[in-house]
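**Q** What follows is the residue order along each chain.
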Amino acid sequence: MFQFDTLSLVFTSLIVLGVVPNLFYSQGYLSHLKRKGHYLLHYTTFIASMLGVVISANALMFLLFWELMSLTSWQLILTEAKEKRTVDAARFYFLMTHFGFVFLLLFFLIATDGDLEIGFAAMHGIVAKFAYPTLLFFFLVLGFLSKAGAVPLHVWLPYAHPEAPSPVSALMSGVMLKVAIYGMFRFLFDVLYPWPMEWGVLILVIGSLSSLIGVLYALSEHDIKALLANHSIENIGIILMGFGMGMIFESMGLKILSSFAFIAALFHTFNHMSFKSLLFMGAGSVLYQTHTKNIEKYGGLIKAMPVTAMTFLLASVSISALPPTNGFLSEWMIFQSMLGSSHLDNTSLKLAIPFAVFALAMTGGLAIACFVKAYGITFLGLHRSTNAKHAHEVNAWMRTGMLLMAAVIISLMLFTPFYIGWFDKALSSLGHLSVYGRIFPDGIWQMHSVAMHGGVVSPLVLLGALVSVTALLMFAYRALRVKERIHRTWSCGYRTSTRTQYSATGFAGPIRRFFGWLYKPDEHLTKQHIEGYSSKFSDSHYEVHVKPLFETTLYDSVGRAVNWVSYWVYRLAHFEQTRYAAMIFNLMLGVLFSYRIFAHEFSWATLVLEGTVMIISIKILIIGEEQ
Amino acid sequence: MLILLVLPALVMFAVSFSHHRKAKFLLPISSVAILLPIVKLFWLPKPYAIWGNYLVADRLDTYVLLISSLVGIGVTLALLTLDKHVKVSPKAYRRFYRFFAIFWVGLIISILANHMGIYWIGLELATLSTVYMIKTNHTPAAHKEAWNYMIVGAIAISLVLFGIILMYASAKPILGEEAMRFDLLLSHAKEIPSPFLFEMGFAIATVGMFVKMGFFPMNLWLANIERASFYPVAALFSGILESAVIIGFFRFSKIAEQINYAHLYGFVFVYTLLTIFIVAFLIFRAKDFMRLFSLSGVEHMALIALFWVSGGTFAALLHFGAHAFLKPALFLSTGVLESRGKYRIAGALRGYKGKKGELFWVLVSLFLLAIISLPPSPMFFSELYGFAAMVEMAKQSDHMLAMIAAILFLLVLLSVIFYRFVTLYQSMKYEGKEEEKRVYGSELAALVLFALCLLVLLLPSSFAYLRSIV
Amino acid sequence: MGVDFFIGLFLATLIVALFTSRLYRLIFWYSMNSLVLGILALMIGKALDDKAMLVTGIATLVIKAVGIPYMLKHFSEKFHFVRQIQPQISAHYAIILIPAILVFTFYLSEPITHMIEGNANYIAISISSLFLSLLLMMEHRHVAPKIIGFLSMENALFLLGITATGGMPMLVELGIFFDLLMAIVVMNLLFHKEEVSS
Amino acid sequence: MIAYLVTITILLLIAPILLFFIKVLKMRMLYKKPVSLLQGYRNVAKLMQKETLISEEASGMTRVAPFLVLSPLLVTLFFLPPVVQGAFYVSFVDAFTITGLIALSTFFLMLLGLDSASAFGGMGSSREAFISALVEPAMILTVFSVSMMAGDLGVGQAGVNLASHFPKAHMASFLFAAISFFILLIAENGRIPVDNPETHLELTMVHEAMVLDITGVYLAIIETAASVKFVIFASLFASLFLPFGMQYAPPVAFVLFLVKLFMIAAAVALIEVNTAKLRLFKVPNLLGIAIVFAFLSLITFYVLGA
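Chains W, C, U and H are the protein sequences, given in the same order.
Just so it is clear: in the first sequence, position 269 is 269 by the numbering used here, and no numbers are missing.
Just so it is clear: in the second sequence, position 403 is 403 by the numbering used here, and no numbers are missing.
Just so it is clear: in the third sequence, position 68 is 68 by the numbering used here, and no numbers are missing.
Just so it is clear: in the fourth sequence, position 176 is 176 by the numbering used here, and no numbers are missing.
What the hints contain is simulated information worked out from the structure, not anything from laboratory work.
Virtual Cβ for every residue (Gly too), placed ideally from N, Cα, C.
Any given hint could be a false lead.
Stated by the list, open to error - Okay, the calculated bits of chain U under chain W, using three or more residues with CB under 8 Å as the criterion: (1) 86 to 100; (2) 106 to 113; (3) 132 to 139.
As the list claims (entries may be wrong) - Derived lysine to any residue pairs resembling SDA-like cross-links, with alpha carbons at most 25 Å apart: (4) W/K536 with H/G288; (5) W/K84 with C/V362; (6) H/K50 with W/R488; (7) C/K287 with W/V565; (8) W/K350 with H/I289; (9) W/K84 with C/G347; (10) C/K144 with U/L189; (11) C/K287 with W/H574; (12) W/K34 with C/K254; (13) W/K527 with H/E202; (14) U/K78 with C/R95; (15) H/K282 with W/G509; (16) C/K190 with W/F598; (17) W/K619 with U/I15; (18) H/K50 with W/F598; (19) W/K389 with W/L33; (20) C/K429 with W/L40; (21) W/K84 with C/E436; (22) H/K168 with W/L344; (23) C/K46 with C/K254; (24) H/K50 with W/R478; (25) W/K520 with H/G288; (26) C/K353 with W/H38; (27) W/K389 with H/R63.
Stated by the list, open to error - Computed from the model, here is a short list of chain C residues facing chain U with C-beta under 10 Å: (28) F25; (29) G117; (30) I121; (31) Y132; (32) A146; (33) I155; (34) E177; (35) A179; (36) L197; (37) I204.
One chain only, chain W, in its complex shape:
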């Protein structure tokens, strides 16, 4: 029924770490909600079902909790369904998650020989006998990655996560996606074990694409929660990169490197949980105060809400993978494992991996830009709306939640060796080499890459050095006793105002313009010209929206196709109103024909003949000659 091996425990603790601060936060957030009972019921069930997924030991339990998780999260999105957008988002989310479930279901049904109560180890035996493991792999990938939100199954995230109440967005983005990652670990390790190299490459490619696309669309967002959701796509991509590298190394027989890469992936999973939850909480508090998700309506909030601002800053630094934060460490590990690719004896792969490195690096750079935008426009500068002007710090519960989550981030930063040792245990329990000794050969101070002459980093020393130097400088500044004077910002003689400062749209401008070929943005520029001068205008309004490429191409076309089919089916179905006798006649004809052919003796000639007969009789009897 249930199992508590190390992997399960690792993910259980991930969920607990993510949930406990969230409980405080949502306690504070509750006053904001109308349907409290509905919310609490589904909130608790949601958490319980996530726990259930990671500890369930057979397919039946797994699927049950998995579906329960989807169900409750869907209901949670609908907690405050006021405008149509929310309802549509919820529907889209539920459809996507069900889409994934279909593939998971098939996977399990094939892998369990129909007896859903058997354990995962037994499933491994069955799969080993199955003729097409790659089919199973595809089912698995489609099933879990549609939940994890990897390209091209990522489109629902930026819709669904923003519409949920903020604590729930924090849970969904921070924790629920990780449950899908758990699924990848669990079933690729326990069930589908020996992997051909191509699988790893596929995962790596998906990861690279997700990370790039996620961050690019994040940059073009004005809705802060949608921005964060896009970053979830990016980070899932990064995790998958680590995962893919691990699979590649594994399939090439480089056990040590593969464990290292998997540990990196796990570590990043934890990190993403921590900072993404914190970011969503911060966004939630801002939303709570300003009643808008539009980033253009914020500004200057650092003065009003210091705690939120500080925690958000910490999270931003961490998600931008800047040293000495935990985000940096996990990305460092993933980089290192990629540099380990010089060990591979497959030149094409060797040449491919630099592209992954490039993608990851590019992602890092863009993430920095994006979070400078998110943080700067939200918290710095001058308020951009009256709501922002009158905002003040959120209540104690929510503050506690954010501080606790910040504490989780810091703990991940400080106790890296402990966590890594733990992940190492998890992997070795799944039958991989233990590499803790190689990562920390001499004490916890230095963290080595296991690759041949790989890099070294020492998070604690780094942290110490940075803090001490900064402190020193500040102390020196204090010692100088510099006289300070407050004066308004100089801007060429004009007064700085809400309107004159840079907007988020403007900030992302250069990047948006550079990647215009990808965004294909639709821009609206309206100007009030002063008596016909093209250059002079009293006021002008510019806004730009970016609809994801995948949505416009993949999803919309599928929708159109379904509509078309249903239209024709509907047309045809209505013949029965008038021609039922004829329909039954032809039906009988068809059935008896086919029994005669397939059940008695088969020959193509008769098949063709009878096909034509059928068609003629259908034409004559059902369709008839049109008047």
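With the hints as your guide, set chains C, U and H onto chain W.
**A** Showing chains C, U and H alone in chain W's frame:
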């Protein structure tokens, strides 16, 4: 025993002629009383010969009968306040019960029958009596649909009989007059001298039954009938009459399985896949409750048939039970949902005041989500096991990939239906404007009854029982 | 020998019924059809000296050949049926279709011939008469001819029952008749309502 | 150890000089009367005496950010490769860390720009974000290929390895890496053609725009940070891509190292004089070149092994 079984029905029939005002209360009581002998029967050792070897109660048919009688009770409860929602004269009311009684007799006979002929007679009786129930609604549409049903139903039923005769003919050389008995046919199926004749008969009979259940190509006629008639009638159709049909399919297919499994499986698989394809896209466009529900009923019936022939008998029976409770519940609730005018989906689940209202909308939304087999609805498990059986089948068969692809396609079609229902639910709950709607105790009682039955169905012990049936 | 002749007659009456465009004529051909059926039942019943079948034959003669046609005629006078019933499927199509159906059914029942001792052609003919009565139903728009189509389908069933199986169990036969009567009653009621509602 | 500390202090000291060396060189080439080399020190001294003027829209960020801009760079200064044989060097830091530290300081610089709600600051940090986002991958890839050639990812170790046995086998990829790194040096330090440190014309400003509202000591700190950054890049270039002369006696080697630094500065100056500043949307092309070269060096290293 037979007397006991049909006694309440006969009482109902008799009472329905009296104009006494007490009759109005006696009728429901008598229809509730139908449950008692059936429960009695349920505890008797199986197989239990009720009337020679014409009517023999085994585990399967007592299960079906029990479920049908429970549904019947629910329908009766809803009938109590039918006049609150629609205009119905006491005369029509009584006549409804009169034919309800006949319906019951036919149903009991056909479900318990161990004899193809008897089975058919019962079925025909039930069908003809329902024709009149449609007419209790005094509208031209209802009248037209009643005729429609009369004729299509007659065709379907005669096809069934035709098939039965062929099968009988195929088995007569070895079994003589006894060739009509299901159990003997099942045990001697291998020795039938002319399997092709039997298969032909099976094909014709199955087509008849499938048409009766609204499979391809006759997907909409049931929907139209249920639209035109009162909603309790729709509930009867989906909850009881179809169970009488499907049990026949169960029995015939068991025999055909002995004759030639490959043919049977191919035939049913293709047919149901086709059905579900059409139905899925019809549901995708459906814009009113009745049509939506009856189409989804067709879908579920197709699934049940498919599960049954794929060897997932447990799944099929569980699914059957769940559907038999869920669908009537939904049909009965449409009376309230549409109380502010038909075709008003947006906001149908809003505007319920008070405890009753609360309970009502919660139950209805639960049913709606259960019908698309979200956990913990029984349908979730039944579909799980049913598809498991199908995948098993696929893995044994020699064109595995094709069959897995077909199953995938089936699942995709189901998710189209899923999408439609989610949309529907959301727009019922979160769109449209709030309008006060009244809920009456009796309907609520019916819904609660169905909910309880579903819960009972979920118990491990009942799982075990279902596993033990076949 | 005689059996084959009457079976041919049965088919013939049915086919003729397909081309009629008057209601009474249709009813007449239906009763002829039933008559032939009854005679067949009696003949085969005598040959096999099967009491049940003799009873069935008599019942057929009484109910189907006389009773039901009379009832229908009665209804049609009572409820003013449309008596002009022009087949919707034009004759030249029908001329192609009917032989096609016969060919098909014989082709269909070909494998059975060497499976059963009885004459497989009987089965073929009864299947084809099933199809023909379906054709009859689909070529008329009005209710009355549809009912006749349904009834002649019943006849096809009986033909099958009599010829292919050499008599079904008594019980079943009676049950079928009972249902037939039931059907008539229901129709009656339906017609009544039509009168009321219209 | 002494050598280590001495190196750091001297690097710190010559940082302003190096920048003004470029300026002087440029002025000479443009036939202007050059400023003194020590102008940097003068500026700092002047700024130290001034009061700090803080914008009223600005938040605490303005008070903290300057230090956070400088400190990562100072820390980085400790991690540079050794310049003389057998000198102590920090073994536990690799190129990623250094890249990260530099990014960290840029991050806070950009926030600083956004803090004082002026249009210039926003503009500056927006452009900076754009450029550094494109610099990041090139940097990482270059580092990747260099570490391949040096046979170690640790910066210090890499410097030593390269100095001890120069990768003659991989001359081609080494050259490509050098080119791309030099472009990065220009881009990261905001020199022409990417950015023009002299100008105060809002169309062309990047770095200057961000610090437009910074005064007094804070400005001094930022200026220092800029110069330190240049020194870091220059010395990285010197010890990774001009890895010779380390085997001589310490003083000689050290002088040689300084000469290298000044040569790099001179090269920068030459480029600045001879090219015009690129439009912002032309900058990616330049960085694209850097990225392409980085890729080339990797690929040549892998495939041709050259």
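**Q** So which of those numbered hints doesn't the model satisfy?
**A** 4, 12, 18, 28
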